[in-house]
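Generate the whole structure from the sequences, applying the supplied hints.
2 protein chains.
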Amino acid sequence: MKELEERIQADGRVLGADILKVDSFLNHQIDPALMQRMGQEFADLFADQTITKVVTVEASGIAPAVMAGLALNVPVVFARKSKSRILSDEAFAADVYSYTKQTTNQIRIDKRFLAATDQVLLIDDFLANGQALLGMKDIVDQAGATIVGAGIVIEKSFQPGRDNANQAGLTRIESLAKIAAFEDGQVVFDQA
Amino acid sequence: MKELEERIQADGRVLGADILKVDSFLNHQIDPALMQRMGQEFADLFADQTITKVVTVEASGIAPAVMAGLALNVPVVFARKSKSRILSDEAFAADVYSYTKQTTNQIRIDKRFLAATDQVLLIDDFLANGQALLGMKDIVDQAGATIVGAGIVIEKSFQPGRDNANQAGLTRIESLAKIAAFEDGQVVFDQA
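Protein sequences, first through last, are from chains C and Z. Per the UniProt record's numbering, residue 1 is the first one in the first sequence, and the count goes up by one each step. Per the UniProt record's numbering, residue 1 is the first one in the second sequence, and the count goes up by one each step.
It is worth saying that the hints were derived from the structure and are not from the lab. As the structure is a prediction and not an experimental result, all values here were calculated from the model. Treat the hints loosely; a few may be bogus.
Calculated lysine-lysine pairs in the DSS-like style (CA-CA distance at most 27 Å, straight line) [to be verified]:
no.	chain 1	residue 1	chain 2	residue 2
1	Z	K178	Z	K101
2	Z	K83	C	K81
3	C	K178	C	K101
4	C	K111	Z	K101
5	Z	K21	C	K111
6	C	K83	Z	K81
7	Z	K81	C	K81
8	C	K21	C	K83
9	Z	K21	C	K81
10	Z	K101	C	K81
11	Z	K83	Z	K111
12	Z	K111	C	K81
13	Z	K83	C	K83
14	C	K101	Z	K81
15	C	K81	C	K21
16	Z	K21	Z	K2
17	C	K111	C	K81
18	Z	K101	C	K83
To spell it out: a stretch of chain C is covered by chain Z in this simulated footprint if at least three of its residues, at any positions, have a beta carbon under 8 Å from a beta carbon of chain Z; those stretches are [said to hold, decoys possible]:
no.	region
19	21 to 35
20	58 to 67
21	75 to 88
22	110 to 121
Backbone N, C-alpha and C fix where the C-beta goes; we use that ideal spot for every residue, glycine too.
Right, dumping it as structure tokens:
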């Protein structure tokens, strides 16, 4: 998505070898109009699929997921994160390890909000190691629902997230921006 | 907002004396089209004001805030919650006590995203005791910015949140649904 790549070039900040901060428009301060266009782009990319629900993880996934849900005219469910590993009969749960924070969170979705008949589009802000995506897939699998694919705002394609997801059987991943490398503090995008 | 009141009557669940669960359309599963109409309603309610930024708190505030920001055509900033009370030179911070969870979180906004020239609309999903609203006000005050008012999705007007906010100098509060009481497990709305 050209607009997103340009925004990353203009406002993203590369820190160290592999960190991209996009907190001025995506995951702390949010540009709502850009989110809406991204949501429409996700809907267009998956226009060949029947989708009944969008699933994401709090907090950074919520804005793009809600805009995707708006464009697709389906409900959105965001998994809640908890440090507690206690299991509940009322929720589907999965552990998600964060390489950035080096902590494991449990993510949970109330069983009332995923049914075996659901056709689910997963949405997340970043794809790096794929842990959040695998946790969401685990939860949707527990519900017996079907995953039609995953929509990612920014994929770091030099990290193993896509391979990890593919190996777990999540093969349809559409990313709005794919970063091939950081070179001299600059973002280099994949040539599509 | 009639549509919201009807949705609360249809899908809200009253638990005990003072808990209303609206996790089927507001704060776990989200109805994106309803969020968009609520965002437009906030924009209409504050149409007499100049607003340059919407501020909310993760995670439940994000969906209504992003839709308000979309309708107002301004950026949205969501404060991040942290159990850690460490202060940073880079962020404005305030402590927020949750009566529901009986814990204190610090909420933080990076100093780059609030300027003294900002005219801020605060948005939150619930107003009960007003602690989150007061924490956001504290942060906006630290930035030297101006608060034009607060937009609340659901106000429990039998709790002291509005009075507490008024006493702190936050006098303009517009709530889309105002709950006067829970009676026999049913929601009773304020007669506007």
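Straight-line alpha-carbon gap K21 (chain Z) to K81 (chain C), limit 27 Å: 18 Å, holds
Hint consistency between K101 (chain Z) and K81 (chain C) [alpha-carbon to alpha-carbon, up to 27 Å]: 15 Å, holds
Chain Z covers the region 21 to 35 of chain C, three or more CB atoms within 8 Å, holds or violated: Three-residue rule met by the region 21 to 35 of chain C, so holds; n is 10.
Agreement of K21 (chain C) and K83 (chain C) with the hint, judged by alpha carbon distance not exceeding 27 Å: 24 Å, holds
Restraint check for K111 (chain Z) with K81 (chain C), where alpha carbons must lie at most 27 Å apart: With a Cα-Cα distance of about 26 Å, the restraint between K111 (chain Z) and K81 (chain C) holds, given a limit of 27 Å.
Satisfaction of hint between K81 (chain C) and K81 (chain Z), Cα-Cα up to 27 Å: Holds, at roughly 12 Å.
Coverage criterion applied to the region 110 to 121 of chain C (partner chain Z; beta-carbon cut 8 Å; 3 residues): Coverage by chain Z holds here, the residue count being 3 at a Cβ distance below 8 Å.
Per-stretch coverage check for the region 58 to 67 of chain C, three Cβ contacts closer than 8 Å to chain Z: Satisfied; 6 residues make the cut.
Satisfaction of hint between K101 (chain Z) and K111 (chain C), Cα-Cα up to 27 Å: OK: K111 (chain C) and K101 (chain Z) at ~22 Å, within 27 Å.
Proposed proximity, K83 (chain C) with K101 (chain Z) (alpha carbon, max 27 Å): Judged against 27 Å, a Cα distance of about 14 Å means the pair holds.
Hint consistency between K83 (chain Z) and K81 (chain C) [alpha-carbon to alpha-carbon, up to 27 Å]: 13 Å, holds
Proposed proximity, K101 (chain C) with K178 (chain C) (alpha carbon, max 27 Å): 22 Å, holds
Of the numbered hints listed earlier, not one is contradicted by the structure.
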